[in-house]
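*Asks:* Going down the list, the protein sequences come from chains A and B.
Sequential numbering from 1 applies to the first sequence in the UniProt record's numbering.
Sequential numbering from 1 applies to the second sequence in the UniProt record's numbering.
Bear in mind the hints are in silico, worked out from the structure with no lab data behind them.
The calculated lysine-lysine pairs, modelled on BS3-like cross-linking and capped at a C-alpha distance of 27 Å, are:
| hint | chain 1 | residue 1 | chain 2 | residue 2 |
| --- | --- | --- | --- | --- |
| 1 | B | Lys222 | A | Lys57 |
| 2 | A | Lys87 | B | Lys222 |
| 3 | B | Lys65 | B | Lys222 |
| 4 | B | Lys93 | B | Lys192 |
| 5 | B | Lys140 | B | Lys359 |
| 6 | B | Lys192 | B | Lys96 |
Okay, the calculated bits of chain B under chain A, using three or more residues with CB under 8 Å as the criterion:
| hint | region |
| --- | --- |
| 7 | 208-214 |
| 8 | 317-324 |
| 9 | 364-370 |
The beta carbon of each residue, even a glycine, is placed where N, CA and C say it ideally should be.
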Amino acid sequence: MRVLRTVGTALTLCAAAWLTAAAPAAADGTDGKDGKDTPTEAGTNFRTATEIEPGQKATAAASTGDYLYWAFPAAAGRIPKVEAELKLPDAASRHGGATWQLDVYDGLRRHQPCASGMPTRRAAQQDRSVTVSCTLRQVRSWSERWANDPLPGAYYVRLTVVDLPAQDLGLPIDAEIEASTGEAGGAHADGGDLTPLNPVLRAGTAPGTDSEPPDDTSSASPDDDKGGDVPHAVAEPEDGWGSGWWSDRWVWTVIGAALAALAGVGGYTLTRGPRHPGRPPIGTGSDI
Amino acid sequence: MIIKKRLATGALGLLTALACGLISPPAAMADEPAPDSPKVELVLDVSGSMRARDVDGDSRMAAAKQAFNEVLDATPEEVRLGIRTLGANYPGKDRKAGCLDSERLYPVGQVDRTEAKAAVATLRPTGWTPIGLALRGASKDLSGGDGTRRIVLITDGEDSCGLPDPCDVARELAAQGTHLVVDTLGLTLDRKVREQLSCIAEATGGTYTAIQHRDQLSSRIKQLVRRSADTPVQTPTPVRGAAECAKAPYLGSGLYSDRESFGEHRWYRMRVAPGQELRASASVAVDRTVDPDYGVLLRAVTPGGRELVRGSEAGSGRTDVISSGLRYPIADVDDDEDRTARTVCLELSQSFSAPASVKRTPGLPVEFAVDVVGNDDPPADLAAFGLGRGWVLLGVLTVGGLLVGLLWGWLARWRVTVWRSN
Numbered sequence: 001m002r003v004l005r006t007v008g009t010a011l012t013l014c015a016a017a018w019l020t021a022a023a024p025a026a027a028d029g030t031d032g033k034d035g036k037d038t039p040t041e042a043g044t045n046f047r048t049a050t051e052i053e054p055g056q057k058a059t060a061a062a063s064t065g066d067y068l069y070w071a072f073p074a075a076a077g078r079i080p081k082v083e084a085e086l087k088l089p090d091a092a093s094r095h096g097g098a099t100w101q102l103d104v105y106d107g108l109r110r111h112q113p114c115a116s117g118m119p120t121r122r123a124a125q126q127d128r129s130v131t132v133s134c135t136l137r138q139v140r141s142w143s144e145r146w147a148n149d150p151l152p153g154a155y156y157v158r159l160t161v162v163d164l165p166a167q168d169l170g171l172p173i174d175a176e177i178e179a180s181t182g183e184a185g186g187a188h189a190d191g192g193d194l195t196p197l198n199p200v201l202r203a204g205t206a207p208g209t210d211s212e213p214p215d216d217t218s219s220a221s222p223d224d225d226k227g228g229d230v231p232h233a234v235a236e237p238e239d240g241w242g243s244g245w246w247s248d249r250w251v252w253t254v255i256g257a258a259l260a261a262l263a264g265v266g267g268y269t270l271t272r273g274p275r276h277p278g279r280p281p282i283g284t285g286s287d288i
Numbered sequence: 001m002i003i004k005k006r007l008a009t010g011a012l013g014l015l016t017a018l019a020c021g022l023i024s025p026p027a028a029m030a031d032e033p034a035p036d037s038p039k040v041e042l043v044l045d046v047s048g049s050m051r052a053r054d055v056d057g058d059s060r061m062a063a064a065k066q067a068f069n070e071v072l073d074a075t076p077e078e079v080r081l082g083i084r085t086l087g088a089n090y091p092g093k094d095r096k097a098g099c100l101d102s103e104r105l106y107p108v109g110q111v112d113r114t115e116a117k118a119a120v121a122t123l124r125p126t127g128w129t130p131i132g133l134a135l136r137g138a139s140k141d142l143s144g145g146d147g148t149r150r151i152v153l154i155t156d157g158e159d160s161c162g163l164p165d166p167c168d169v170a171r172e173l174a175a176q177g178t179h180l181v182v183d184t185l186g187l188t189l190d191r192k193v194r195e196q197l198s199c200i201a202e203a204t205g206g207t208y209t210a211i212q213h214r215d216q217l218s219s220r221i222k223q224l225v226r227r228s229a230d231t232p233v234q235t236p237t238p239v240r241g242a243a244e245c246a247k248a249p250y251l252g253s254g255l256y257s258d259r260e261s262f263g264e265h266r267w268y269r270m271r272v273a274p275g276q277e278l279r280a281s282a283s284v285a286v287d288r289t290v291d292p293d294y295g296v297l298l299r300a301v302t303p304g305g306r307e308l309v310r311g312s313e314a315g316s317g318r319t320d321v322i323s324s325g326l327r328y329p330i331a332d333v334d335d336d337e338d339r340t341a342r343t344v345c346l347e348l349s350q351s352f353s354a355p356a357s358v359k360r361t362p363g364l365p366v367e368f369a370v371d372v373v374g375n376d377d378p379p380a381d382l383a384a385f386g387l388g389r390g391w392v393l394l395g396v397l398t399v400g401g402l403l404v405g406l407l408w409g410w411l412a413r414w415r416v417t418v419w420r421s422n
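Here chain B stands alone, though its shape is the one from the complex (with noise of 0.2 Å):
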């Protein structure tokens, strides 16, 4: 009997354990990050310049260090980080051996900081600084899952190797549709380094920062790091415009980018029925040097050529990106008539130049932020429910009140008499 009673409550305890379990939310299971949890890699130059003791009356390399343990403690818990170096191993003259050097210290992936403070721990200022090859090695170990990606590159020296030229290296990254982002901190403020540095960041979307105090490096990367938790999942989805509107992908509602070359037109179709409305907005950035004077246009057209609206923008001096939109509405029939969407074609094209010496490929990166909602109809009269306002609309309501109230009296007086004749 009692053993039946114990059977019994504990069959109902685990049954209420089980519902318990069931109902409890998803955020009490997860232990691991999701699979599509940003990723950010640290990329830190350990070329023997960083020995130089200018950040604070410290040595950069004892600056970078101390910045790091700060950044591994306060990374937030879905951020998976990485960890790699370049210039670490190599102490040698020979050129082609320190140019191969570069080294994940730490793999992409949950951090556990006692780990990772000790790996950081070890490195002593050593070799030469090939940041392309860093830059393609973070790259790959950034790779697969749907997250964002981060570069956090932080280096007190240009490019010693040459070739691979970082910068071409970084936009070749982005323009593999990854949405890589590079963030690069110089520890110098030297001309070279700034240049380079800021036309890595320029290339992929990034920022360049100038570091001088050490405090200043280590809040940099904590943000830098934080900012990566904070974006966004939902990255655009690569699209590839077609030369005319007849060979054009066909584009939903959501957010989309693709490349588009120095005078290139690109051609994208979408469906609208009756009663919707078309909103579509491009952005082209900028990511190399480009002359000072530059425009978008955004078309919608009819599958036959015929122009239904467009948008353009036009602007000169520095900028990350130029943009604009349009909206066309349809709209509504009775239910009698064609109810079918309609095919409307969008071409964007843009007026940026660049000088001789500046590549072509891969193109300018576009982003597309296309929607399709209802559409009201247009109001009968453009003041609020049509009311009036104005010492005019007085008037005119007074003089008009009296008029008919005189109309309306001489009429009765006119019937009065007309019935007393008769």
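Next up, chain A with everything else stripped away, as it sits in the complex (with noise of 0.2 Å):
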């Protein structure tokens, strides 16, 4: 009896431990990428770039002057939009109108042009706030390499100032970021796969001597991806990278394939025509 009180104690002090050591590692993950907080910090380069939900409001406080990073995943078939509003110090304290400028990259730092928006604006003095924008072409589901087409993976957002009086370097803003990712829609829907442009974020191993490469490090690296424990740029989102099967040229292809069908029956009908002018209407008895 009295063994099975111990270990029976021994047992619930056990699970206590674990649960206290296991409390603040959960409260970790809610405020870490996996939660729904909002982040409140930005990155200051692609390597630090804080993550962001498409859809999600992320806050920075900032001093003018620095540049401020995120990153956010958009799949195939979606059109990225991103959005910043920052509110500008006192109009007081500044000396003049200031540039302010939102760069979109992709997944491998290439800098993505705006399809629409408006990613560089000039601030007067006494504007309290300045809203820029960037809208980017669809993400394309494959791409000649020599292609500078948006694919799916992370896309990196930078905002900085680009020109200011040098008087307003330091001053404290706040910047407010939205990422949205919108349905490009069944008249864009295209084929192919491709892996995501989705930085590994780890050291490079150290590179062997001049003359001979390194273990085959090539070949290992594509089943490490798939693993899931290297860390990445983003998280996967949920409904995958890929555009999904279904798209509204479903609905037309079958439509035509059912009008293909009437048609030719048609066709076959008027051939026939001539020779067989209709059956007697049923019921009006029989001249046989």
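With the hints as a guide, bring the two chains together.
*Replies:* Put into structure tokens, the structure is as follows:
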């Protein structure tokens, strides 16, 4: 009996220790990347870019002149849009207008042009806030290697001031940013498949001697990436990186098939028409 | 009998406890921060000018002390924090002695809040402002370990010692490959201070903040310390690109850092097997004054010299970095063909230029992100599943169906006629 009790006590203590030890870890999780809390910090370069989810409003307190980085995922068939609002310091402490700019880079750190939106805007000295936005082209499922098309994966956003009076450097600002990914629609649904451009965040293996390549790291890496333990710039969206199998092209194609079938039957009937001038109406009796 | 039973009970309890200890989460045992935990050193200017009472009606020193107390309370557990002062001890007029006055006030490590606060409380505004010397000292204090290193410099005056130039010192420290970042906070809006502090920040990829209010000071330092804790520990591996492909180092997948001078070309090599895709991004950072127009070019070239693909970008105006990337897929081959990995050379060049007065060494910081991933075949049809869409499609299908129906009907009629006539 006593044996059981001792073991029971030990196990209870053990469980308690587990719970207390696990609690802070769980708490960390909720305000980390997995939680629904909105990020309140921005990164300072590509490597430290803060991950944001599409549709989530992220904020950051910073100084004028800082380069603020965020990253968000975009799947194929989407049209990413980024909008940022900056609250500027008091007009009294500023010495003139300043130009603010929003840049979007893809997972390969290639600058992406804005198809629409106002990525660069000049704020006059008396302005209290300034809004910049950028809408990219549609994310393609696949592209030629020479193309700069947006591809599924991470997108980096950089927000900064590009032109300002030197005296205004370092003054406090507040930034608010939101990324959204709209549907491009069936008209643009495309085929193809591609490993998403989601950069791996880990230190490279030390380069080998100049003459000999390191033990075949290249063949190992694709499998590593699938393991999921390698940190990436952004997490995969819920619906995956692809555009999914559904698009309204299915409806058009099926309707087309039905019309073709009807037209075929119609055409056939036309050719038979003159030889069989219709059956007598049912129920009018027989004249044989 | 009873003794035996007791022994058994004890042994069993011990076993359970042991098992419990073995399976308990590692966090429960971690009292000491890991060796790669981030390190931060706060460098505080305690020169005579800190007496000026212009931060919300209080002296700059009082504001700094209050901010330090708040920061010490809010420091995350995993951050190892240290404090260094400059100009705290020598009150005299001798420039030489004043410019050697930088002292480690609190060693970098897990913070004992009471001890650290007591040390900060003793500070009185005293001497000169040897910023360059203090930065070197701080870098030494932070040496060792693999974690991120950050210096937060709080000052109200420009370096009053001239040499070494703190901006050059910062660039030199950043070039040592220890991933040191210096964030600067200026307690005055003076032009020279601003220029010097923003130059130090730019040289290391840090930030510069002009402080005007007391709460702004403490919240900014807290933010910087917290940022240290949040920054991932995956720091790029230093690598040195060669002047030609044949001598270039082989890179695996991951992050690398290098330095490239103005007008220099650097080569690297990668191994890519058929059925894989090479992905490379390169960023060249701006850590000094450069001319307003610039560009970067990253090329993938065969060892024979044929260009495979290139990524390029150009820009103008204020920037922290210019970057570009490329991807190069190699189509999969049949089993009986040559499946050995091929060597792809990567050449990085940039078109930055700088005024003659700007120092050329060390080179501009370069960051590489390279990866080799699985390569999917190009799609057979660019439309999703080869499906069609639109009114033209419907029209074509309908007319096509009609024609086929007519043709089939006539064929059937013709066959019947032929059969009857026979």
